[in-house]
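Engineer: Spelled out, the chains give:
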Amino acid sequence: MRRLTPYLLALPGWMWLAIFLVVPMAAMASVSLQTGNAIDGFAMTFSFSNYGDALSTYSTQLLRSLLYGGLATVAMLLIGYPVAYWIAFRGGRRKSMYLFLLLLPFFVSFVLRTISWNFLLADNGILFGTLKDWGLLPEGFHVLATTFAVVGGLTYNFLPFMILPIYVALERVDPRVVEAAQDLYATRAAAFRRVVLPLSLPGVFAGVLMTFVPATADPVNAQILGGTSNTMIGNIIQTEYLTNLDYPTASALSFTLMAILLVGIFVYAKALGTENVLEAAAR
Amino acid sequence: MTGLSAIELEDVVKEYLSHGEVVQAVKGVTLDIAEGEFFSLLGPSGCGKTTTMRMVAGFEQPTKGLVKLHGQDVTNVPPNRRDVNMVFQSYALFPHMSVWDNVAFGLKQKRTPADEIRRRVGEMLEIVDLTGRERRRPREMSGGQQQRVALARALVNRPRALLLDEPLGALDLKLRQAMQIELKRIQREVGITFVYVTHDQGEALTMSDRIAVMNDGLVEQLADPREIYERPATAFVAGFIGTSNLLTGAAAGGVLKVGGGRVLVPGHDGDVTVTVRPEKITIGTEEPAPELSGVRGTVAEVVYLGTYNSYAVNLADGADGTVITVFEQNAHDATATAERGDSVWLSWQAQHSYVIGS
Numbered sequence: 001m002r003r004l005t006p007y008l009l010a011l012p013g014w015m016w017l018a019i020f021l022v023v024p025m026a027a028m029a030s031v032s033l034q035t036g037n038a039i040d041g042f043a044m045t046f047s048f049s050n051y052g053d054a055l056s057t058y059s060t061q062l063l064r065s066l067l068y069g070g071l072a073t074v075a076m077l078l079i080g081y082p083v084a085y086w087i088a089f090r091g092g093r094r095k096s097m098y099l100f101l102l103l104l105p106f107f108v109s110f111v112l113r114t115i116s117w118n119f120l121l122a123d124n125g126i127l128f129g130t131l132k133d134w135g136l137l138p139e140g141f142h143v144l145a146t147t148f149a150v151v152g153g154l155t156y157n158f159l160p161f162m163i164l165p166i167y168v169a170l171e172r173v174d175p176r177v178v179e180a181a182q183d184l185y186a187t188r189a190a191a192f193r194r195v196v197l198p199l200s201l202p203g204v205f206a207g208v209l210m211t212f213v214p215a216t217a218d219p220v221n222a223q224i225l226g227g228t229s230n231t232m233i234g235n236i237i238q239t240e241y242l243t244n245l246d247y248p249t250a251s252a253l254s255f256t257l258m259a260i261l262l263v264g265i266f267v268y269a270k271a272l273g274t275e276n277v278l279e280a281a282a283r
Numbered sequence: 284m285t286g287l288s289a290i291e292l293e294d295v296v297k298e299y300l301s302h303g304e305v306v307q308a309v310k311g312v313t314l315d316i317a318e319g320e321f322f323s324l325l326g327p328s329g330c331g332k333t334t335t336m337r338m339v340a341g342f343e344q345p346t347k348g349l350v351k352l353h354g355q356d357v358t359n360v361p362p363n364r365r366d367v368n369m370v371f372q373s374y375a376l377f378p379h380m381s382v383w384d385n386v387a388f389g390l391k392q393k394r395t396p397a398d399e400i401r402r403r404v405g406e407m408l409e410i411v412d413l414t415g416r417e418r419r420r421p422r423e424m425s426g427g428q429q430q431r432v433a434l435a436r437a438l439v440n441r442p443r444a445l446l447l448d449e450p451l452g453a454l455d456l457k458l459r460q461a462m463q464i465e466l467k468r469i470q471r472e473v474g475i476t477f478v479y480v481t482h483d484q485g486e487a488l489t490m491s492d493r494i495a496v497m498n499d500g501l502v503e504q505l506a507d508p509r510e511i512y513e514r515p516a517t518a519f520v521a522g523f524i525g526t527s528n529l530l531t532g533a534a535a536g537g538v539l540k541v542g543g544g545r546v547l548v549p550g551h552d553g554d555v556t557v558t559v560r561p562e563k564i565t566i567g568t569e570e571p572a573p574e575l576s577g578v579r580g581t582v583a584e585v586v587y588l589g590t591y592n593s594y595a596v597n598l599a600d601g602a603d604g605t606v607i608t609v610f611e612q613n614a615h616d617a618t619a620t621a622e623r624g625d626s627v628w629l630s631w632q633a634q635h636s637y638v639i640g641s
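These protein sequence lines are chains Y and A, in that order. Read in order, the letters of the first sequence correspond to residues 1 to 283 in the numbering used here. Read in order, the letters of the second sequence correspond to residues 284 to 641 in the numbering used here.
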């Protein structure tokens with residue numbers, strides 16, 4: 001009985017996963033292979049062509065999503081790493097306050113935050129409208145409905161998920177190890193490159209994972225900040241599901257996206273040397 | 284000692300700002316550490332010894348004063364351009380690198396040719412007895428092995444001086460004693476100046492050529508171990524190094540009347556503080572001969588410690604509560620000379636009373 005206790009204690013968690021992850025996934029997998037329509041109903045026909053059709057119809061949006069997700073992730077890494085570094089090593093006694101400030105926007109809903117960017121960036125809104133009135137910007141200038149707006153929105157919305165894991169990794173770097181590198185003739189830059197950066201890679205790995213996946217799949221930013229030429233795969237899935245009621249296509253697209261992301265993560269983990277990363281993370 | 288200076292500190296002061304207040308960690312330390320010397324900075328935690336060492340390494344800048352390495356002023360030179368290396372308290376090994384890469388780090392940074400790196404790292408790992416463990420990661424090794432990696436990582440660069448910050452603190456007693464002998468051997472072998480920071484007086488006495496005893500940001504005494512132990516310059520040094528008994532009072536004609544007896548302090552008059560080490564004192568029941576110092580008291584405690592018995596004796600005029608500690612070598616049999624409650628005479632030779640500050 002004693003030996004079983006941990007398993008019994010874990011049971012609610014496993015049940016939760018089974019009911020809310022495995023069952024819906026299986027249901028969705030099944031739907032993705034069905035044919036029919038919302039009025040007459042769907043029937044299982046093992047129609048694997050659903051995947052091919054969906055992919056050929058929406059390959060542009062799929063590639064665009066990966067591009068936007070990738071661009072946003074790179075931007076978040078470039079912005080987030082220095083911020084995490086600064087908080088971890090220069091934050092001093094105010095560290096927790098800075099972290100709180102970082103999370104403060106999360107007290108406002110995701111959609112509302114994105115809408116307020118729309119408001120801020122509107123062609124004749126408070127920012128650009130004023131600048132145009134002063135003659136500082138040309139009349140035709142606009143940011144909304146561009147790639148820049150969507151990638152910017154993604155970057156803004158997911159940035160904390162990049163910063164936090166990197167911060168946690170950097171926070172665990174013993175300052176004496178950095179001193180040791182400097183003592184062994186490393187310049188500040190070399191100490192960073194040879195010691196701090198490798199030791200923070202587990203955080204970078206987690207940060208990229210936690211931002212690239214949701215940013216690529218996100219429908220909200222493209223919908224609110226983008227135009228018709230910025231549609232992402234998340235928007236397509238949403239439309240297929242909620243507007244067109246084409247459940248098989250929506251499911252097939254979801255699975256395709258998931259597969260691509262999983263393969264991408266796997267390749268990325270290999271490239272970064274997961275063994276090293278996990279080993280470092282285990283410290 | 285050749286007399287050449289490896290490290291010189293000239294009236295070095297280090298101030299910190301702590302909660303808006305200026306705190307002096309080091310209050311004016313002047314040291315001259317000779318080439319090839321095993322030099323210890325000894326003191327309780329917070330005495331400024333680590334700060335002093337970090338100023339030598341370059342991790343801290345002195346608020347005032349000069350740091351010189353081999354006669355060159357390096358006060359404002361960053362650590363990576365100082366020809367000294369440090370062994371850190373918790374080793375600070377690079378966790379993501381193998382033992383080999385840890386040890387080779389400094390040489391690589393100095394752009395040493397690859398074949399020379401290979402040769403020197405191999406030799407160094409042999410000296411610290413880690414050959415065959417090159418591919419291990421630090422966390423796969425025991426504390427003693429990590430300690431030796433840290434030592435090798437610093438020594439392989441052949442620094443002009445090696446700084447060691449309580450390097451044995453994390454090891455258990457047996458290993459620590461073995462490493463003390465090992466460190467001393469390595470130091471003799473490589474002939475490099477060692478500056479050793481410790482709060483463990485036994486460690487300092489065992490290994491050092493000279494010791495600077497620090498307290499509250501100042502050097503209380505700078506001398507060789509024998510001098511420090513036998514002739515402590517201050518009451519602090521007497522108390523910090525080993526166990527010592529302090530007797531104070533006004534001496535007249537070279538005699539200090541205390542404890543129902545007398546302490547002979549030839550040539551001293553007026554207020555004196557006398558120290559006498561516990562192992563110099565003989566415990567007995569007879570009044571000692573007049574050429575010896577002798578005091579009377581009652582045994583308050585007897586502790587059997589294996590190699591010796593330790594007595595706590597309340598002096599006869601115990602109104603001031605003076606307790607004298609006596610160590611009696613366990614040379615013959617395990618029975619103690621006196622028991623709790625016994626009235627005893629404590630005696631020692633005049634030369635074993637040391638008047639502090641004389």
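A hint or two may mislead.
Unchecked claim - Chain A is faced by these chain Y residues, among others (derived, beta-carbon under 10 Å):
#  : residue
1  : A27
2  : A29
3  : L33
4  : T35
5  : G36
6  : A38
7  : D40
8  : R90
9  : M97
10 : L101
11 : P175
12 : A181
13 : Y185
14 : R188
15 : L201
Said to hold, decoys possible - Output of the computed footprint for chain Y on chain A, the stretches with three or more beta carbons under 8 Å from beta carbons of chain Y:
#  : segment
16 : 351-365
17 : 504-517
18 : 546-555
Honestly, the hints are just simulated from the structure, not real lab data. The beta carbon of each residue, even a glycine, is placed where N, CA and C say it ideally should be.
Engineer: What hint numbers does the structure not satisfy?
Structural biologist: Violated hints (numbers, rising): 1, 2, 3, 4, 5, 6, 7, 8, 9, 10, 17 and 18; every other hint is consistent with the structure.
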